[in-house]
Amino acid sequence: MTTAAKVAGVLLLVVTATSLAAGLLSPVSYETQFRESPNAPPCRQFPLGTDELGRDRLARLLYGSRVSLLLAPAAAGLSVALSALIGITAGYAGGWVERATMAAADLFVSLPWLFLLLTVRALLPLNVTPWASILITFLLLGVLSWAPGARVIRAGASALKRSEFALLARASGCPKPRLLWKHILPNLRPLMAAQFWIAIPVFILSEANLGMLGLGIAEPLPSWGGLLAELQDPGRVGGNPVLLAPAVLLTVFLSCLQFVFSKEDQ
Amino acid sequence: MSETAMNGLTPLLSVSLNASYPNRPHVLEDVRFDVQQGEILALVGQSGCGKSTIALCILKLLGVKGGSASGAIKFQGRDLEWASEREMRAIRGRQIAMVPQSPLSSLNPALRIGAQLKEAWRAHAEEEWEAAKPRVLQLLESVDLPCDEGFLRRVPSQISVGQAQRVLIAMAVIHRPRLLIADEPTSALDLITQREVLDLFARLNRELNMAILYISHDLLSVAALCHRAAVLERGRIVECGTAEQIFERPAHPYTRRLIDALPRVGQPSGVGQSF
Amino acid sequence: MSFQATSIRATRRAVLVAALCLGACFGQGGELRFSIRSDPKTFDPLLAEDDASETVRYLTGGTLIRIDRRTQKFIPELAESWQITAGGTKIAFKLRQGVLFSDGTPFSADDVAHTFRRVMDPNLHSPVGDSFRGGPGEIKTEVQGPARITVTFPAALAGVERLFDQLTIVSSRSPKKELATLGPFVLGEHKPGSYVLFRRNPNYWKKDAAGRRLPYLDSVRADIQQNLDLELLRFKRGEVQLIDTLDPELFDRLSADSPGEAKNAGASLESEMLWFNQVAAAPLPAYKKAWFRSKDFRRAVSSAINRGDLCRLAYKGHADPAAGPISGANRLWVNAKLTPHVFEPQAALARLQRGGFRLEAGTLRDPQGNVVEFSLATNSGNKSRARIAALIQQDLAKIGIRLNVVPLDFPSLIERMTRTYDYEACLLGLVNVDLDPNSQMNVWLSSAGNHQWNPKQKTPETPWEAEIDRLMLAQSSALDPKKRKAAFDRVQEIVWEEAPFLYLVNKHALAAVSRSVLNASPVALWPRLYWNPEYLQVANQMARTR
Ligand SMILES: Nc1ncnc2c1ncn2[C@@H]1O[C@H](COP(=O)(O)OP(=O)(O)O)[C@@H](O)[C@H]1O
Ligand SMILES: [Mg+2]
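Residue numbers (the numbering used here), protein chains in the order written: chain F, 1 to 266; chain Z, 267 to 541; chain W, 542 to 1087.
Just so you know, these hints were derived from the structure itself, not from any lab.
Everything hinted at is true.
Distance condition first, Cα-Cα at most 30 angstroms in a straight line; then the derived DSSO-like pairs of lysine-lysine: (1) Lys176(F) / Lys331(Z); (2) Lys384(Z) / Lys399(Z); (3) Lys182(F) / Lys384(Z); (4) Lys176(F) / Lys384(Z); (5) Lys326(Z) / Lys176(F); (6) Lys631(W) / Lys1023(W); (7) Lys399(Z) / Lys161(F); (8) Lys331(Z) / Lys182(F); (9) Lys182(F) / Lys399(Z); (10) Lys631(W) / Lys614(W); (11) Lys384(Z) / Lys326(Z); (12) Lys161(F) / Lys340(Z); (13) Lys997(W) / Lys836(W); (14) Lys718(W) / Lys631(W); (15) Lys161(F) / Lys326(Z); (16) Lys161(F) / Lys384(Z); (17) Lys326(Z) / Lys182(F); (18) Lys331(Z) / Lys161(F); (19) Lys340(Z) / Lys176(F); (20) Lys1024(W) / Lys635(W); (21) Lys176(F) / Lys399(Z); (22) Lys732(W) / Lys582(W).
So these bits of chain W aren't anywhere near chain F, every CB distance computed over 12 angstroms: (23) Glu618; (24) Ala699; (25) Asp759; (26) Gln766; (27) Arg892; (28) Gly896; (29) Pro908; (30) Pro996.
Just so it is clear, CB atoms sit at the ideal spot from N, CA and C, and this is done for glycine as well.
Working from the sequences, and respecting the hints, build out all of it.
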């Protein structure tokens, strides 16, 4: 393990630990509105200042990290599991199953997602708690993002199925399920790991966009996506660099992942 | 063929094959030959003439490569054409085993050597791996591999080509198959290692009475090892006979060309004896 | 703040003289630029409906009567004077003489008659025609010489003058059809997706106090620009000189950068409101419907909302607490006696408790023990509205009510509001562009489709809705403005009392006017900045080089 990877790993642990300990580290709740001090600059009471409604930015950042850090990897895991299931089935079965699955994946990628998600929102009840809303959001992200990964994994599985060692395993009488489990899956692991790491930042950011459809984080819960959305207005950031805190944290988090990930790759 | 009738025994394997790949028809055309019990039959021919295809046909695994085959395969008096996939699975590795052509790519890069051996073992044995392990280690020793735990814990990228080839041979003979198909098992090896592997085959043939279908384009090794040889040219068997017949009185022009292409060390007739 | 027309002109002259003395380059000529949000959907003034088409109509069209955007009074334009007779069914105009269309053809009573024929043609589907079409029967015109015309309506139309503000007179003779106009500008060029250019109408009839032909400007260019941030950027670079709507953030930023250019014209006609779904057939649990249909519940929620905080935090102070449906910007019709529902959470709670609700461990429960929780649907992407929702969420939490904020995309929200009725409460904005209560019939009548809290009722479901129906119909047929005002005042009082809509804030009219523009002063009414286009002047490079 390189020093960089070690440092990155430690940083990751720190970020995760602080977000988990948000309640201990931040004396106020992320939802309390200090209405007498909106848009406060950083001070002793509010180390990162407050937002327009007078909510403590530090508390929101910590809780937002917790939400995004817990759920984005979970959704990424779900997404990869689905991609793997579908991709491996397709690549392994071959023939029409493979063609049909890949056609479905193509279709899935080209579907007008916006409209489908709107339909999903229409089917959900209106009274969902903020936590349920965010769980549903990440569940959707995880479930709906199987297609690109499935294509990659299918290609891998298909190549592995035709590999010499798979042929030899067959020639030695290895049963098909066993072949999949012992010979194909272990060789797909790096591919799936890559999919997993790539999905995390994508999900963190898409969550913010889903908010536009009423599917993302609901008030008053904070998330990285929601906090980053504040940065869309360039004029405001100029006057208040503290707004950049979530962007900095996300960048640090992602580069740490990258370091640790590239270590795993070798 | 004629020999079967002559010595009156049921051959261990008797095939008559046609095969093709989607974009390449007639890879094998009416390929017929027998392998007798305990016999080492050589299958020689230039690369690309269809030797590996024959090996896959016998195991009914040509489909994996996308090809399709027709014809008859009789093994121990049984027609394999009608055998189900389940029955074939029971035959593969246990009755008929294969040593593949390219040693390194035939080992799973993600599995340790020990695990690969274990996989080969548990494909057919009810017996616990732990109980069988000493015997497998013995087997490794018999193919001149280090038989310590350390070796078993290596992954394929950590062993040499020669070692890989021998691991594959050990895996192939782990269940003492009746027939071993060795597809150019020496192609990747240096001369000394080749020699050792050939000795190993001869010994296995002797000690276990294991028939071997020895696929090669290397006539020298064929002459050294085999009882009989069949010459394959572009998917057809052009000549078949005892090793002496083939080398001393090659009937077919193609066979003659093959023999002429050999580097001449001594007189052609002496090649067989020089080993 | 209401000036006489003459005094404004006098002031203008004074300013003009001063400017000339200072050697500044205000004066004849130049191009004024501002942004519109989209391409005009039509250039036919009788079909205009969207904002961009109305802008075209306003700059190019001539009308008989205008509503003075500043005084909110009717002023004569192409009609020198008019008289309403025969119990409000007839209006007789005396037309200005010697007026020419932009192509040089003369304007006469025939053009007015022709315009009426065209606009009332049922095949044209003109929105302006629809507003004239009060009931069954035909509208007749009678030309009595080149400068006199009488219009006869089948029934009396209260406040009919205001409708003439929308009626652009089109030529009966000009071969150029609608392109021959009577307004200060003519359509010059339209590059779809990019801009609409207007040129000075050389035949415009109006002159300034000094006897100079108006308009002062050579051209007006309306750039098509949707992005508000970019609009502000272009304003700062001097590429556009007016911004008619600024959101509070952008306004504050501009005030900080160049204080003189950010203009707050006070309360606008835009307000934010919240209402509960009272539709009997709505797919909601019966106990929730019971809350929403209870006046005490609605009033309690209303007085639990801190409207002052909404103005201060969601609009950065650029809004006022709202009392009722009519903003103070509508000077004529607002019921000035009404004040916003007072913020009294304790009184709100007490009111609920009198109705059998109880607060248990921080959670409010209704008499049957149901947890009081409801969703507030609103459209996504509106920052101020999202902040209002978050503030209300915390306000209501203080009296134990759990509010779930649900931002939805606009089409879904409309679908729920108007078709499926699958929502509990809704937060939206409201703009009353037309000042007259007659334009709000489709909101207040219980049978109307825009009677948002419970639309399309066969018969009024509550006595107070029946009373509103009666008052609205009474004011629409009364001709005496005082009677109309009294009836509509009463409507506003009932709405205040029953709170079918909880009015939250009235937004301020925030605009930006470049220092290079003279005579532009924002008003609450549309079009906020270029309501007097013929008098606008710019000091710009083009004017100087000419
Ligand atoms: N999967 C395949 N698809 C199409 N053609 C193939 C495939 N595998 C082998 N071939 C062709 O079939 C012929 C016989 O191949 P093979 O049996 O591998 O020859 P050998 O083992 O004698 O070198 C070759 O010409 C080769 O190009
Ligand atoms: Mg081969």
